[in-house]
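**Q** From first to last, the protein sequence lines are chains Y and F. Under our numbering, the first residue of the first sequence is numbered 5, with each subsequent residue one higher. Under our numbering, the first residue of the second sequence is numbered 3, with each subsequent residue one higher.
Check each hint, because a few of them may be wrong.
[What the hints assert, rightly or not] DSS-like mimics (lysine-lysine), calculated; alpha carbons at most 30 Å apart, straight line: (1) Y/Lys38 x F/Lys4; (2) F/Lys59 x Y/Lys209; (3) F/Lys113 x Y/Lys42; (4) Y/Lys24 x F/Lys4; (5) Y/Lys38 x F/Lys164; (6) Y/Lys7 x F/Lys127; (7) Y/Lys24 x F/Lys171; (8) F/Lys158 x Y/Lys38; (9) F/Lys164 x Y/Lys46; (10) Y/Lys24 x F/Lys113; (11) Y/Lys46 x F/Lys161; (12) Y/Lys42 x F/Lys163; (13) F/Lys127 x F/Lys46.
FYI, nobody ran anything at the bench for these hints, they're computed from the structure.
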Amino acid sequence: MSKNEALGFEEMLQQDPILKSELANQQQIIEELKDYRKFELKSRLNNIDVTPGFLQTVASNSMVQITSGVLLTGSLLVGGYFWMTSSEKDSIIDLQINSKSTSLSESEFVFNPDLKIPTIDIEEIPTGNTSLESTNVTESPISEEAAIAEDLVIIPHVVVPNLDEYDDPDVNIDESAVAFPFPNKEQKHVEIENIEDSQYDFHYKFYNNKLYLYGDFHGIPYEIFEINGESVKRLFLLHDGVYYRIFDSVTETSKLQKVTNVDLINDLTMLKENKSQ
Amino acid sequence: MKDHEILARISKSDEATLDYLYKKHYQMMIKIVLNNNGSEQEAKDVYQDALIVFWQKALKGNLVLTSKISTYIYSICLNLWRKELDRKSRLIHEEHEVGEEVDYEIEERGKIIRQCIEELGDVCKRILTYYYFDGMNMNEIAEKLDFANTDTAKTKKYKCKKRLDHLIKTRFSSMDFLD
Chain Y
5 MSKNEALGFE EMLQQDPILK SELANQQQII EELKDYRKFE LKSRLNNIDV TPGFLQTVAS
65 NSMVQITSGV LLTGSLLVGG YFWMTSSEKD SIIDLQINSK STSLSESEFV FNPDLKIPTI
125 DIEEIPTGNT SLESTNVTES PISEEAAIAE DLVIIPHVVV PNLDEYDDPD VNIDESAVAF
185 PFPNKEQKHV EIENIEDSQY DFHYKFYNNK LYLYGDFHGI PYEIFEINGE SVKRLFLLHD
245 GVYYRIFDSV TETSKLQKVT NVDLINDLTM LKENKSQ
Chain F
3 MKDHEILARI SKSDEATLDY LYKKHYQMMI KIVLNNNGSE QEAKDVYQDA LIVFWQKALK
63 GNLVLTSKIS TYIYSICLNL WRKELDRKSR LIHEEHEVGE EVDYEIEERG KIIRQCIEEL
123 GDVCKRILTY YYFDGMNMNE IAEKLDFANT DTAKTKKYKC KKRLDHLIKT RFSSMDFLD
């Protein structure tokens, strides 16, 4: 309808009350038709089940939300802890050693002569000034799998006391109580450097995980025993048939201490023989 | 279902999509009213009205959304509820004695019209409501109701409207109310 037509229609409406009434009727019919459709759609929507499901109800509960949040956080923390420590815990051997170490005392320590220690690395080092490369303790030739297989057999004979008690060199140690724990694959071997120094004879010190040996070994080869435990390592030096204990906590130049305990000497000797076989 | 897919389906007058939308956003939308001094029934009414407004606009095909559908419906709900609150506050302060007679006449006429609509056949009701409410053209109505062509839809619509007018005229006369 154009503007002129609309104006003409408006005039007719003003003049003709019947037309005006008919227009109002038609407008109401259209409105009622619209309302009918709207009512129809609303009825349809009313028939839809909008009650929240069990999960929605549970999820909307604030108490449940808090509880589940706490549980989730706890799970993440525990999971994260186990995941972080899995590299240490995945060894069956470690677990078995731990369980035994808590139940047995030092006095119950029994050394098994058949014990095979795969991680004792022995290397003969020539006397005199030796380069760092030539004196480094080498990696064990035994693979981890093989070591685990061997260790599994000998576990029942080994009792592991708390090695941390013997870390202080000033403490009077009962050396027979020192155990030979199983290797920790993450431990690094000690680097060794021999320094000929007339001021010190048969002295040593540790610095930056490196063992410095002072003195003249008179051309007689010495051997270093490195025994790796779960969290600590034990070092012994064999020179001219005499065993010396080396403490990795000694950072000041100190004299090498002879091992006097006969049992320990025997054990070390056997270990040496086993290794060389 | 993504927004563009919803719009495409509604433009084809797919009422199942309306059901889907209603259920999907129900909890979120009724909170608008419930959190603003409304009852659950009022919340439901407002949400349904908002959804129907969206339905009409989407059906016409000229709806350009610059936000998510849920945001759009949310804003309609909000506006409808504000209007309802305004209406309520006006009702409290105004007197309604004037014009009561006129309202009664219109209401009576509306009652008769509704009865006549109910008496129409299902096809007639659908043609007329699709045309006047959904804003569908004859081609869309023909497609929706499986008519042979547009002309068939046009003819049917004409006949249905004529029948409705006739039914109303036979039932309603202003004289009835003057007596």
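**Q** Are the hints correct? Go through all of them and say.
**A** Checked hints:
1. Y/Lys38 x F/Lys4: Distance ~29 Å between Y/Lys38 and F/Lys4 Cα, so the pair holds.
2. F/Lys59 x Y/Lys209: Violated, at roughly 87 Å.
3. F/Lys113 x Y/Lys42: holds (16 Å)
4. Y/Lys24 x F/Lys4: Cα-Cα ~48 Å, so violated.
5. Y/Lys38 x F/Lys164: Answer holds: Y/Lys38 to F/Lys164 is near 17 Å, not above 30 Å.
6. Y/Lys7 x F/Lys127: violated (33 Å)
7. Y/Lys24 x F/Lys171: OK: Y/Lys24 and F/Lys171 at ~16 Å, within 30 Å.
8. F/Lys158 x Y/Lys38: holds (18 Å)
9. F/Lys164 x Y/Lys46: holds (27 Å)
10. Y/Lys24 x F/Lys113: holds (21 Å)
11. Y/Lys46 x F/Lys161: With a Cα-Cα distance of about 27 Å, the restraint between Y/Lys46 and F/Lys161 holds, given a limit of 30 Å.
12. Y/Lys42 x F/Lys163: holds (18 Å)
13. F/Lys127 x F/Lys46: OK: F/Lys127 and F/Lys46 at ~26 Å, within 30 Å.
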